[in-house]
Amino acid sequence: MADRVTQVVIESVTQGSPHARTSQVVIESATRGSPHARTSQVVIESVTQGSPRARVSQIIIEVLVPLTQSGTQQPIMLAIS
Amino acid sequence: MSLIFMEGFDWYLPNSVASSKWTTNGGNVSPTAARNGAQGWLFPSPNGSNFLVRNIGSNNGNTMVFGYAMRNVAPGFSGWIGPAFYDGTSVQVDVRLTADGRLFITRNGTVLATSTLVINDPTVWNFFEFKAKIDPTVGTAEVRVNGVVFCSFSGNTSATGTSFANVFQLHQLNLQNGNQYYDDFYLLDSSGALDNDYLGDCAVQQTYAIADGGTNNWARVWASWAASTVTQLGTQILDSNGNVQEATAVTSDAKTGTVAPTWATTGGTTTTDNHVTWTVRGSGLNPGAANWMAVSELYADNDSSCVVDSTPGDIDLYQFGTISSPGGNPHGVQVTAIADKDDAGTRSIRLLAKSGVTTVDNGADLPLTQNSYQAFQAIFETDPNTSAQWTAAGINAARFGEKEVA
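Read top to bottom, the protein sequences are chains A and B. Letter 19 of the first sequence, counting from 1, is numbered 43 in our numbering, and no numbers are missing. Letter 123 of the second sequence, counting from 1, is numbered 1197 in our numbering, and no numbers are missing.
I should point out that these hints are in silico values taken from the structure, not numbers from a laboratory. Bear in mind that the values here come from a model prediction, so they are computed numbers and not experimental data. Positions of the beta carbon are idealized from the N, C-alpha and C atoms, including for glycine. Any given hint could be a false lead.
Computed spacing ranges between beta-carbons, pair by pair [claimed, not checked]:
(1) B/S1398 / A/V71: 51 to 57 Å
(2) A/T55 / B/Q1444: 56 to 62 Å
(3) B/V1127 / A/T63: 34 to 40 Å
(4) A/V71 / B/S1264: 45 to 51 Å
(5) B/T1343 / A/S75: 38 to 44 Å
(6) A/T63 / B/S1094: 48 to 54 Å
(7) A/R56 / B/Q1444: 50 to 56 Å
(8) B/S1090 / A/T63: 51 to 57 Å
(9) A/Q65 / B/L1359: 55 to 61 Å
(10) A/S75 / B/S1398: 42 to 48 Å
(11) B/S1132 / A/V71: 30 to 36 Å
(12) A/A61 / B/A1480: 45 to 51 Å
Derived coverage of chain B by chain A (criterion: at least 3 residues anywhere in the stretch with Cβ under 8 Å from a Cβ of chain A; other residues may be distant) [to be verified]:
(13) 1156-1166
(14) 1267-1280
(15) 1394-1401
(16) 1407-1417
(17) 1435-1447
Here's a subset of chain B near chain A, in silico, CB distances under 8 Å, partners left out [unchecked claim]:
(18) V1091
(19) V1333
(20) A1374
Next comes chain A alone, as it looks inside the complex (with noise of 0.2 Å):
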């Protein structure tokens, strides 16, 4: 009686021949730029000596004199304790 064979499986390893795929491509590069220059404002401060004015507005005397000892001094009178 004849041997059967119902299946043969033969697997081999073999060396893949993929395709590369690029589906997008960045080309960067840097290059020197040619800015102009903006200039919104500018502010100069500096300290400078001032050169002020006195001012006199008003100027007054006050003399303080003595009164007469007249009849306009009021009496005193003893307080009851």
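Let chain A serve as the given structure and place chain B on it in line with the hints.
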């Protein structure tokens, strides 16, 4: 130098709080409070917390005397403080009033002496003098009214333990007994040869410049008339004729008119300008402008009329109105200038008294503040020409003013 200050309240704007020389809480300058001159100080009823405060120098350890005239000090609530000497913010000694009208001295509330006298009529002017030496062991304190000793104390007069006072405070002495009126203050200490003890009843006379005083190096600056402008009493302008006009009365909103008035041109005559009445300074027809006019307005008007200078050594002197002293020789002259500077940088003045050919100043530079007028004060106790106590004639012949020094 013994006199520290005198105060008559005449030159302040009416109803103001005298802030150029005092720190105040309640009360105001008032014509109704005058004993001498135009104005005095009013403590209104019934607020009993009113007071006046003033620094009196750096830790004065001398015997000090404060004199003042007062009326309407009726008995009432007991214990309210009148004049007081302070160490900073702490009372050393003060004078108070009992419910039955006697005066007593306390060391910050501890009773040291109480009078057996009362004031006969508190509703008329009486002259009080409070004398004190602050010391923990050898202090003294005494009160006089109209020259009569009310009460005295010797011993510990120092509540803080120090031997000095550097602040003077005058409280409203009582409350709910009507308005109280004060005038003619003096404060002195015992440091000098003159005016170093009780002076008795005194008055403070004030006078303004009435003419240039022989040397007038300073320039003068005037404001011009402006339409629809609120105008303070005393404000001065230079009118279109070259005359100086002073606001001597205001009504309603105190505003000038919409167009310049036709100015009066004779000294002393007036022009009505809406709600402002202007008076021509000087005398005669078209008196023009002079330095003395710029500094003699009724109430200081700051930049509106002033004299200016920026050259060290420049002097401005003025002749002042006549004073009289029938009770004896004056105790001293106090010169007060309202001054500032108009830019950054150093600028100082000194105040001057010239008598005969001798000119003296207050002895120290008075640095000015930029765009902020302040009152600067100097006291001259003796006549520079005689080195003796002033006479009324000596004061009337003297010149006073200011010098730009730096």
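Against the structure, the hints come out as follows:
1. B/S1398 / A/V71: 51 to 57 Å: Roughly 54 Å apart at Cβ, these two residues keep to the hinted range, so it holds.
2. A/T55 / B/Q1444: 56 to 62 Å: holds, 58 Å
3. B/V1127 / A/T63: 34 to 40 Å: Since B/V1127 and A/T63 have Cβ atoms about 56 Å apart, the given range 34 to 40 Å is violated.
4. A/V71 / B/S1264: 45 to 51 Å: holds, 49 Å
5. B/T1343 / A/S75: 38 to 44 Å: For B/T1343 and A/S75 the Cβ distance comes to about 40 Å; the hint holds.
6. A/T63 / B/S1094: 48 to 54 Å: At roughly 50 Å between Cβ atoms, B/S1094 and A/T63 fall inside 48 to 54 Å, so the hint holds.
7. A/R56 / B/Q1444: 50 to 56 Å: holds, 54 Å
8. B/S1090 / A/T63: 51 to 57 Å: holds, 53 Å
9. A/Q65 / B/L1359: 55 to 61 Å: holds, 58 Å
10. A/S75 / B/S1398: 42 to 48 Å: Since the Cβ atoms of A/S75 and B/S1398 sit about 44 Å apart, the hinted range of 42 to 48 Å holds.
11. B/S1132 / A/V71: 30 to 36 Å: With a Cβ separation near 34 Å, B/S1132 and A/V71 satisfy 30 to 36 Å, so the hint holds.
12. A/A61 / B/A1480: 45 to 51 Å: Check passed, 48 Å falls within 45 to 51 Å.
13. 1156-1166: Answer violated; 0 residues pass the 8 Å Cβ test.
14. 1267-1280: holds (count 8)
15. 1394-1401: holds (count 6)
16. 1407-1417: With 11 residues close enough to chain A, the hint holds.
17. 1435-1447: The restraint on the stretch 1435-1447 of chain B holds, since 3 of its residues have a Cβ under 8 Å from chain A and three suffice.
18. V1091: violated, 18 Å
19. V1333: Cβ of B/V1333 sits 28 Å from chain A, so the hint is violated.
20. A1374: Holds, about 4 Å.
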